[in-house]
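Number of protein chains: 2
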Amino acid sequence: MDISVVLFEGFTPLDFTGPVEALQRIPEYSVRYFSLCGGPVGNGKGLAIETLPLAGAKPGILLVPGGFGTRRLVNDGAFISALRKAAEESACCLTVCTGSALLAKTGLPGGMRAAPDKRAFDRAVPVNPNVRWQRRARWVSDGKFYSSSGVSAGIDMALGFIRDRSGEEKAREIADSMEYVRNSNPDNDPFALD
Amino acid sequence: MDISVVLFEGFTPLDFTGPVEALQRIPEYSVRYFSLCGGPVGNGKGLAIETLPLAGAKPGILLVPGGFGTRRLVNDGAFISALRKAAEESACCLTVCTGSALLAKTGLPGGMRAAPDKRAFDRAVPVNPNVRWQRRARWVSDGKFYSSSGVSAGIDMALGFIRDRSGEEKAREIADSMEYVRNSNPDNDPFALD
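From first to last, the protein sequence lines stand for chains X and P.
1 is the number of the first residue of the first sequence in the working numbering; add one for each residue after it.
1 is the number of the first residue of the second sequence in the working numbering; add one for each residue after it.
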């Protein structure tokens, strides 16, 4: 199974390195990094990652992080169009934090539930009001779409995804090997703002 | 304050992206990425990061992740020598997981305590038996040296480092903004192998 991570200028590294750390501990999963046009992509804070052009991503697991770059990117037609195609073709689509706003903008997951970063919630909702945005959730899943709340929540979502596909024992084994104190309940959201 | 992350072929991304995510939320901290010779450096699993030559790192916070590449690197004299110089000049030196074995190999922290990855413990100890290796610790600090246990423990160590320098309120605020369920007790090690 291929994991395709979609990067862009202004991504948040932990949004994808956390989930990838969990997912790649399953030997059959292999990871590649993409951006719209390929080439080095920066987080705006000193980190630049080599990427391949998104059009070359294979169907499999699509992982979309968030970051401050999403504010501009929701209005980038070429990016949103390429993301929509990749998400349509994917077997599963995982979004973290404000990555959910990017996927929502594609219009693809009409009735999808999403749980973006608490601090960006009010900015994400208008992107696609048809999404059933969740203000209180560590992560939510809806068919092939998984979306998590802010930053660290992506690790719990990835472990939940692994549990759904490979069983609880595998998810626990991976969390332990990462020495990660896991939150295995998607509804347990210690950071919900009431 | 400059944060210099030391990369090498076969690094573990989450070992540094977790701590950096916490540290860079302090506005005065800025991050740059280094390797012995500079240029793109890979984790062996599809991720390649642009780096600068380590000789150009400024004194400040040195952050050394672990990864499978450390097995080879403890025997790489040129790397260990450059790491020793950078660590000597640093104001603080943070190591995660098997990154502690690299620092131990420099011989620098003679009496330093270190708490590496549980699964690599028996491999790390012979690298420098003068280090007071801790089998049960989320992280330990000893003067300017901080070292954490495996992977995710680095995030707790970074938040502990922030608490020591900028106070508990700042550490809590940053953990919350990352939606991270923090372990604030360095002696609370849920993954200790007895």
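No wet-lab data here; the hints were simulated from the structure.
Any given hint could be a false lead.
Any copy, or any two copies together, can satisfy a pair, since identical chains are not distinguished.
Once the Cα atoms are required to be at most 30 Å apart in a straight line, the calculated DSSO-like pairs of lysine-lysine come out as [claimed, not checked]:
1) Lys45 to Lys170
2) Lys58 to Lys85
3) Lys45 to Lys144
4) Lys118 to Lys85
Numbers of the earlier hints that this structure fails to satisfy, in rising order
Every hint satisfied by this model.
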